[in-house]
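Undergrad: Construct the complete structure from the given sequences, taking the supplied hints into account.
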Amino acid sequence: MKFRAKIVDAACLNHFTRVSNMIARLAKTCTLRISPEKLNFILCDRLASGGVSMWSELEQENFFSEFQMEGVSAENNVIYVELASENLSRALKTAQNARTLKIKLTNKNFPCLTVSVELLSVSSSSRIVTHDIPIKVIPRRLWKDLQEPSVPDADVSIYLPALKTMKSVVEKMKNISNHLVMEANLSGDLNLKIETELVCVTTHFRDLGNPPLASGDTPWDRDPAEMAEVCVDIRKLLQLLAGQQVNPTKALCSLVAGRMLHLHLLYEDVSLQYFIPARS
Amino acid sequence: MPFLTQRVQAETDQYCFVASLDNVRNFSTILKAIHFRDHATCFTTKNGIKVTVENAKCVQANAFIQAEVFQEFLVQEETVVFRVNLTVLLDCLSIFGSNPMPGTLTALRMCYQGYGHPLMLFLEEGGVVTVCKINTQEPEETLDFGFGNANVTSKIILLSEGLREAFSELDMTSEVLQITISPDKPYFRLSTFGNAGSSHLDYPKDCDLMETFQCNQTQVNRYKLSLLKPSTKALVLSCKVSIRTDDRGFLSLQYLIKNEDGHTCFVDYYCSPDEDVPAAESPV
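The listed protein sequences correspond, in order, to chains P and R. Per the numbering used here, residue 172 is the first one in the first sequence, and the count goes up by one each step. Per the numbering used here, residue 253 is the first one in the second sequence, and the count goes up by one each step.
No false leads were mixed into what you were given.
Calculated cross-link-like contacts (lysine-lysine; reagent style DSS-like; alpha-carbon spacing at most 27 Å): (1) K284/R x K338/P; (2) K284/R x K345/P; (3) K264/P x K173/P; (4) K199/P x K264/P.
Everything labelled a hint here was simulated from the structure, so no lab data went into it.
TA: Below you can see the structure in the form of structure tokens.
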């Protein structure tokens, strides 16, 4: 099992730092899946702790100038490791304005993800900062729990409004209530609702647009005005919204009525899927 | 603001109180200044809204928002009174964020049908509409501090900046704030008695910060610091403050606040004295 990768471009480095910060805000510990083409950050919460899952994906060639890996075996050319996501984002904090960043799997008494940063300095001598992030290698028998979640057929898919607006609304709603009802229809309407014995608050977003169907999909079979409804834990939704520093190029939300909310955010080189189960 | 104009007259008629405003911050900022308890009683008359918050039957804060601050202000009865949860109201008013991007305003329309009905808020920013239905509660009787002009023994008007620093640096380990007002030195003195010793802050009567100084008789009164501290919120927003005490030692602080549109609003604080300090006690 081997992995080593290198970033030399400053823009790529910034971008990678941003991704890791975003992950750190969403998940305390996450699984990093390394395959020849892709890196995935994965979170599969147990139902008891909220049941949220996350699947984020980046193409390695958009970030790394060198990328070598050797998985468990030739037919299973993948590596799964678990790490505290904050450790990675903290290590990358020192990498601002760095000349190069190297990441590799090492074994220094215990398995590590070693991040070494070559810093620029005024004099010609270079300085290198090395972070050893403890990791847990995940054995193959547990991989099946860490596959890309399949998205059940959505009742309604809709584009999300500016996340900043949505975040401030959800933030205030969180002060009042613990759960939130999201409802949307196929006419581009999205409502966020909370209801307590003190107050009912509904925010209406209009004309958001629904994504076109892919050619193979069965056409929607519902009244375009009819709302599909999912009630979720408001903190889980806020966690996702608060973690987004940059507005995604595309943000899509799919509602499976009464079951789950699937949020799909697309950035230039990264895609993030976030699944929030409905409150039972 | 299409949603504001769409409403037909007939709909307006069913409400006993309707107010609309194109910048919600002109309203919410003033309410924040008196937000030290969860509940507030609102009195609306044709002149405007008075919002009252009380604590421990010892302190009362009133915010006055004049009808002129609103673009539309209709009250069908002489006085419409209701009680709401102020924390919830403020969360609703700032639903689109407390610090909006420059150039974007949140518009507000407030409607109330009358006793037993919720207070309806319609907020709009950039085409996004939020509807809030805040349940109202049985209005409670509010205190009357009987602060009449006839009983006022001293009156000071200060520029707020003069008091702002003093209040932010008050020794919070002291249980009380002692206010001395006298026709002779030290004129106006704020004292605290904390763990690290006592401290006194004097304002000479002819300093630049002092606009008015009227006092015929030396008065020394103590007020619970924990009751006065919340008034700092109003102090921070205000440009002038009037400090008055009456012959029973009651304190009135009146803050003059200018909102973003240049309208003047007032916030009053009334506080009862903590204990009797012998009037004869000469200031140290």
